[in-house]
Amino acid sequence: LMYGLTAVLSSSPGKLNQVQDQVNDVKVILKDNINKVLERGERLDDLIGKTDDLQATADSFQRTSTRVARKMWWRNTKMMIIIGVVVLAVIILIILLATKVIPT
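Here the sequence shown is numbered in the UniProt record's numbering, starting from 1 and rising by one per residue.
If you are wondering where the hints come from, they were derived from the structure by calculation, not from laboratory data. Incorrect hints may have been included.
Said to hold, decoys possible - Ranges between beta-carbon positions, derived for each pair:
#1 R63 / V101: 52 to 58 Å
#2 P103 / K71: 44 to 50 Å
#3 L47 / N24: 52 to 58 Å
#4 K36 / V68: 44 to 50 Å
#5 V101 / F61: 53 to 59 Å
#6 R70 / T104: 42 to 48 Å
#7 V28 / G49: 30 to 36 Å
#8 F61 / I83: 29 to 35 Å
#9 P103 / M79: 33 to 39 Å
#10 I92 / Q55: 51 to 57 Å
#11 V90 / T64: 35 to 41 Å
#12 K36 / A58: 43 to 49 Å
#13 I29 / V68: 53 to 59 Å
Beta carbons are placed, not taken as given, at the ideal position from N, Cα and C, and that holds for glycine.
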């Protein structure tokens, strides 16, 4: 088979050049494809790194927002208790003044 191919190619130098050109074209295409695959792999690595960073940032944000929400809830609860105590004190004062327990 190899001898037959060599005989055909050597008998017509034009065909040999044509086949050589086709082989060179295929080599160029393969090199381009390999480079594209490598670039795509690098971009995928970059995307994976960015995804990991984004996930870490999201986790940190979740913890911080939960902490802030708890802090604000406690602040709001304390304010409501203070307002309740002040209102209750005013009501008690009014009742004591109205019943003359505290002379005016």
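Hints, verified against the model:
1. R63 / V101: 52 to 58 Å: Cβ of R63 to Cβ of V101: about 53 Å, so the range 52 to 58 Å holds.
2. P103 / K71: 44 to 50 Å: Check passed, 46 Å falls within 44 to 50 Å.
3. L47 / N24: 52 to 58 Å: violated (35 Å)
4. K36 / V68: 44 to 50 Å: 46 Å Cβ-Cβ, so the 44 to 50 Å window holds.
5. V101 / F61: 53 to 59 Å: At 56 Å between Cβs, range holds.
6. R70 / T104: 42 to 48 Å: holds (46 Å)
7. V28 / G49: 30 to 36 Å: holds (32 Å)
8. F61 / I83: 29 to 35 Å: At roughly 32 Å between Cβ atoms, I83 and F61 fall inside 29 to 35 Å, so the hint holds.
9. P103 / M79: 33 to 39 Å: holds (34 Å)
10. I92 / Q55: 51 to 57 Å: holds (55 Å)
11. V90 / T64: 35 to 41 Å: holds (39 Å)
12. K36 / A58: 43 to 49 Å: For K36 and A58 the Cβ distance comes to about 32 Å; the hint is violated.
13. I29 / V68: 53 to 59 Å: At roughly 57 Å between Cβ atoms, V68 and I29 fall inside 53 to 59 Å, so the hint holds.
In this structure, the earlier hints numbered 3 and 12 are contradicted, and the remaining ones agree with it.
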